[in-house]
Each structure stands twice: as structure tokens, then as C-alpha cells.
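**Student:** One point on numbering: in my numbering, the residue at position 336 of the sequence shown is 343, and numbering is uninterrupted.
Treat the hints as calculated values from the structure; they're not laboratory data. All values reported here derive from a predicted model rather than from experimental measurement. Just so you know, not all the hints are guaranteed correct.
What the hints assert, rightly or not - Only pairs whose alpha carbons sit at most 27 Å apart, straight line, appear in this in silico DSS-like list of lysine-lysine: (1) 511 <-> 633; (2) 131 <-> 100; (3) 131 <-> 308; (4) 295 <-> 69; (5) 308 <-> 100; (6) 511 <-> 588; (7) 511 <-> 100; (8) 131 <-> 295; (9) 308 <-> 377; (10) 100 <-> 588; (11) 511 <-> 613; (12) 475 <-> 613; (13) 168 <-> 178; (14) 308 <-> 295; (15) 308 <-> 475; (16) 613 <-> 588; (17) 100 <-> 475; (18) 511 <-> 475; (19) 100 <-> 295.
Stated by the list, open to error - Derived CB-CB ranges, DEER-like: (20) 357 <-> 131: 35 to 41 Å; (21) 415 <-> 331: 37 to 43 Å; (22) 41 <-> 370: 33 to 39 Å; (23) 589 <-> 633: 37 to 43 Å; (24) 233 <-> 63: 29 to 35 Å; (25) 271 <-> 63: 51 to 57 Å.
By construction, the Cβ of each residue, glycine as well, lies at the ideal position given by its N, Cα and C atoms.
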Amino acid sequence: MNGLTVVSAQALWRELLSGAGIELKLKRRPGRDVQFDHQVQQALLASVPSLVAHPSVEALLKADARSGLAQVSVETLLVAVLTSQRDFGVMMKDILQTLALAEAQGQQPLSVSFRFKNVSNPIKSTLEAFRQSVERLERVLVSRYELASAVQLWELRNSLKSFVPGVGSTKCEGFPQVLPMPATQHAEFDHVVLRLAQLLNDLRSWCGSMASSRDGLMASRLPSLSEVDRARISATHDQVDAGIEFYLRSIVEGVRQGRLAPQDIVASVTPTLDALTTREQWVDRTRKELLDLLNLPLWRKRHELYSVWVGSVLLQTAARRTESLQFHPDANGVLSFAFGGSRLASYQWQGEQYDVWAELRSDLIGTSKKRKVGIQPDFRILRVDSAGDRNSNTRFVLECKHYLNASRGNFTVAADDYARSCPQADVFVVNHGPADHAALVAANEVLAVSRIRYIGEATAEMERLQPKLATQIENALFVETLDVAAQTLTKDTGPQLTSGRAGKVCLSWSAALGDLDVALNMPQASLNEQPSVSYANRGDLERSPYARLVQDVMTGPGMEVIDISYWYYRRYDIVVTNYSKVGELTAEHVCCTVTLGTNVHTFYPKPVQLEANRWQVGRIELINGKPTLFEFEPE
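Kindly produce the complete structure, drawing on both the sequences and the hints.
**Tutor:** This is the structure:
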């Protein structure tokens, strides 16, 4: 790609496909990366609701161009492509967190190796290089063309006003585009005038997309907007743009008449303008960064890498629930996700050791419609027992699929083969796209359908919002079997303890919010210092307070979970704090799920529950020894 800005969305799309090698040649006919195409089209349809779905992005862009009023600009397409890859970004970050956990246990820097089926050369990387790739990816994916901030707008207005003393500006109704201003024959000055006019047009287009009037604009200051956006709206409501246009027109006339020196105006506003990126500069830089991203070996193997992400969810769940997980890199410090079998980690659970294996082969039992020799699931967990073989010791099988739509044949045959060959194992078939468990399990041939689970739409981004995959893995592998009668009460002021996981508090929020914190406060009238579980005191599941914060998450989208092992106190208050003060606590962007036994309750913020950046969700009280949940209501 050259350094010239592309002139249309169609041209940009073709450059991305050819530059990244996505437009393949299949049987002498052009082919597409169907999932990438689908993801980009979905992002376009979400950002421009009036668009109509087409068989491909290329077809959509052609139809849009032929309409005579194209709605997809180069910038719109760029943002759609970036948006479509958010899940890949979250997936990479999750894998990085797992690798960082592995390195923290070792005595030397960690490297990682990904060797995939039908791929001759493995992808190898040090953890530091992998981390740099993830950080670079995050920077690219959040890139957006930034309008001038409120501070910069007022700086420009005041700079221009200083050249037109004693003259008040006029007000502007609505958000009309700036009409062309006459040239002055001073090239540098005329260029500055064009930049300022474009700046105003971009600002007014953005405001006009939210409201048709200045008063309506103030009413549209949605909680999802950032503080910078809301300040920009306030400045526009106060006619900062009208002032810039009025004084700029007066200055242009003064330069044309020889009353003002153009170089003085240029010198005054250039520092502020130079701090801004023009739309053309952003487009040119971002398309180059995007091409670099699409050429990353990890992105090109993202379908295969999906199984590594699923494995990272398994490993993180085991680490969280057992606190005994040990990773097993080789003697050179390489953690290998290798096709052909590699022991990734091991852990202790209720007195027994379990090993986590990637791509471990074992015998196929019975006749398969797909396999002839053996089975080789993406991941399996074996109970360490020298008396049994691999199949009989397998307690859990995890198979990953990266299909746009579920394949009944491939999915059910795999589940049948694994369930039949590993009679003691729960079998999970996880798909990036949809997978209807009820419809698929009805097609299974084996009698052990109760051990089979199909989990669809298991994506990294969705898992952050609602940990469906982690929850099902946890329920399959880490169910407590403690004897209730063996539990004794060690604190005379506490309630009767219950065995196993007594409850869970899960806070989920979107990318519109930053650092949110969930806390569990246990008010005690007899104590000066009140017990609490939060980011400041993560707690403990084995001793008081018998509750623990799994992880302090400081960015959105995010999720924080507090596990409760025993009901040790009579009351638990659930409180959420918007620590970073970014965005607003609204039902569109945050929810809190409370699990008591098998009962799940979901709460969304209500205005009466909010105070500044604090949401009082509710309380759990022990009544007759049973936990009872109450939503917060002000007295």
C-alpha cells in the first residue's frame, strides 16, 4: 500500500484483503475469509442501522456506492474492521494472563510454543514478545479519529477572538456545515482556514448525529459517553463552534483587505492545530497499522489459536478453584500447546492429583464415523493413577470448534467418540459460533448423553460479560463433596456453616466503564473494624471471612467475582463502586448477579440505589439459617 489516502471504502476493503492475503484463490475463483467478512459486516450493520445485509462486505459496499448517497465512508469501514477484531484482542489478553501466571511460578523467563495440526512450523515467542504484541494490538483496536476537545475548541476560539477585539460573535441554531470561505492568496493561511472549517464540520456532524438542536444535544449526554465527549457537548451548547466560525470569517475578510497579517494568525493557532490529528492522517496511519495486525502470524492462525484461549479458560478456572495449579514448561522454559501431546499443568483436588494435557492421543473405543485409530481431543484432564490407562483415567474432555455455524455431524460424532472412549469423563464441545445443546445432544448415539455438553458462542468478549464457559467447567470439575455434619462452628456469634460453594456475587460491566469494584461488607455491631471483602482485602475461602474476591479487574469490559464458601456472618451488604469515575452506572452497562445455591438473581442499577459513584445493590441475611436476598431500597 502506498502513502496516499484511499478515496473510497471499496478501495480500502480491496487493499486490506489483498495486502493481508485474505483474498485467497480457491479453484481459480476468488475466495473470502468468511468469518472475518461476517464479523466486519455485522459491525457495519450495527454502526449504520439503515444498511441492509448482503452476501459479502464487497457486495454491501458496491450497493452502498451505487445508491448515490453512500453511507459507508473510509473511516466508517476502518472503525468497523477494528470493532470486528475486539474479540481477538480480548482473546489474546486472556491468553497472556494465563502465560503470565505460568511465568510467575518459574525461575526463568517463559516462552510459549503453539504447534497446530496441519501446520509445519510452530509459532514460538517469548512471553515478553507476546506481551508486546498484545499491547500493540490493544492500541490499534481502540484507535479512533478524535475530534478537538472542549479545551482545544476554547483555545482556538480565544486565539481567533484576540484578532477581532470588541466584536461579539453570533449564535448558531442547529449544526449546519460551514460554507466555503474566500481564498486570500496566502497559501499557508488558506490551509489553516480549511483545517479549521473541516474541524468545525466534523464537530457539527458528530453533534448532529445525536440531536438536531443545541438544547437537544444537552439532553443527549448519555451516561455511555466519556467525560471528554460530554465536555465537548457542553462547549458546543455554549456556541464555541459558532464563535470560531464567526471570528474566522472576520479574520479572513481582514486578511483580504490587508488589515491583518496572515502569518500572525497562523502562528497563533498552529500549536493547537498541530496537537490534533486530521481525519486523513488518522485514516492513513490506522490502515497501515491494521494491515500490520492482519499480517501477524497469530492473527492468521486465530482460528487455531481459539483452542488455546479455551484452554486458558480451563487453566484459569483450575487455578482459581484449587489454588494448587502448577504449570509444566520444559527444561528450556517453553510452555508448549503442541499437537501431539503436552502436559500443561497439574493440580490437587480433594486429595487426588490431576494433569491437564493438550492434544493427548489415546485409543478409540468402538466404531467411529470419522476416526479410524484414536482420539485426540484439544484438552483432557487425567486423574493420576498408575493402575488405569489414559481413557479410564480421563475425567474431562474439552474439544474446541471455530465454526461460523454448528456442524451436527462433526460435533456429535466427536462427542460420541470421546464419551464412548472415556467412560468416566464429562465431554465439552465448545464452538466460537452457535451450538444448540438440545438439538445436538438429541442426535448423539451413545447413552451417556448426560456427560455431554455443547457450548455455543463461547467467545472471549462474551465470556468477560457472562462467564458461561468458566461456570460450566467449574460445575463439572470442582463440585465440593464435603460432609455437612463434619463442619463445626468456631465462632459463637456466627450462623450455621454450609458446605461447598454457598454463594457467589458476580459483577459484569461493558467497555463504557473503567475500573469498577464489587465489595461484600459484613456489618458487625460488636466490632470496631467491620469485615469486608474487596480489592483492598481479597479475603479467604478456608477461614474467616469465608469469602474471596477472585480477581481485581481494572478495565472494561470486565467482570469481578466474589466466591462465598460458608455463611459465617448474619448479614452481607453488596456494594459496587465506580472507582475510575469513567461513565455512569446504568442498566445498559452494568449488572450484578447473585447466586445462592441453585438460585440466580440478576440486578441492574436503579436511580434510588445510586449515590455519586456508588451503587448499593442489596444485602444477604441469614434467616433461620438460610440466606435470603433483599434488593436495596432507601429508607
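**Student:** Work down the list of hints and note, for each, if the structure agrees.
**Tutor:** A quick look at each hint next to the structure:
1. Proposed proximity of residue 511 and residue 633 is supported: the alpha carbons are some 15 Å apart, at most 27 Å.
2. Between residue 131 and residue 100, the direct Cα distance comes to roughly 17 Å. Compliance with the 27 Å bound is thereby established for this hinted pair.
3. A threshold of 27 Å between alpha carbons decides the hint, and for residue 131 with residue 308 the separation of about 13 Å falls inside it, so the pair holds.
4. Under the criterion of a C-alpha separation no larger than 27 Å, the hint pairing residue 295 with residue 69 is consistent with the structure, at around 23 Å.
5. In summary, the hint linking residue 308 to residue 100 is supported, as the alpha carbons are separated by about 16 Å, within the 27 Å threshold.
6. With a C-alpha separation of about 25 Å, the suggested pair residue 511 and residue 588 falls inside the 27 Å cut-off, and the hint holds.
7. The hinted pair formed by residue 511 and residue 100 meets the criterion: a straight-line CA distance of about 25 Å does not exceed 27 Å.
8. Distance check on the hinted pair: residue 131 and residue 295 sit about 25 Å apart at the alpha-carbon level, within 27 Å; holds.
9. As the CA atoms of residue 308 and residue 377 are separated by approximately 24 Å, the hinted pair is consistent with the 27 Å bound.
10. As the CA atoms of residue 100 and residue 588 are separated by approximately 24 Å, the hinted pair is consistent with the 27 Å bound.
11. Of the pairs offered as hints, the one joining residue 511 and residue 613 holds, with about 21 Å between alpha carbons and a cut-off of 27 Å not exceeded.
12. A distance of roughly 26 Å separates the Cα atoms of residue 475 and residue 613; the hinted pair therefore holds under the 27 Å criterion.
13. With a C-alpha separation of about 15 Å, the suggested pair residue 168 and residue 178 falls inside the 27 Å cut-off, and the hint holds.
14. At roughly 20 Å between alpha-carbon atoms, residue 308 and residue 295 fall within 27 Å of each other, so this suggested pair holds.
15. About 25 Å separates the Cα atoms of residue 308 and residue 475, which keeps this hinted pair within 27 Å; it holds.
16. Taking the CA atoms of residue 613 and residue 588, the gap is about 18 Å. The hint holds against a cut of 27 Å.
17. Annotation: proposed proximity of residue 100 to residue 475 holds, straight-line Cα distance about 18 Å (limit 27 Å).
18. At roughly 14 Å between alpha-carbon atoms, residue 511 and residue 475 fall within 27 Å of each other, so this suggested pair holds.
19. Distance hint between residue 100 and residue 295 is fulfilled; the C-alpha atoms sit about 22 Å from each other, no more than 27 Å.
20. A hinted range of 35 to 41 Å for the beta carbons of residue 357 and residue 131 is consistent with their spacing of about 37 Å.
21. As the Cβ distance of residue 415 to residue 331 is approximately 39 Å, the hint placing it in 37 to 43 Å holds.
22. Our hint of 33 to 39 Å for residue 41 and residue 370 holds, since their Cβ atoms are close to 35 Å apart.
23. Taking 37 to 43 Å as the suggested C-beta distance range, the pair residue 589 and residue 633 conforms, at roughly 39 Å.
24. For residue 233 and residue 63, the Cβ-Cβ distance of about 34 Å falls inside the hinted range of 29 to 35 Å, so the restraint holds.
25. The hint said 51 to 57 Å for the Cβ distance between residue 271 and residue 63, and at roughly 54 Å that hint holds.
The structure shown violates none of the earlier numbered hints.
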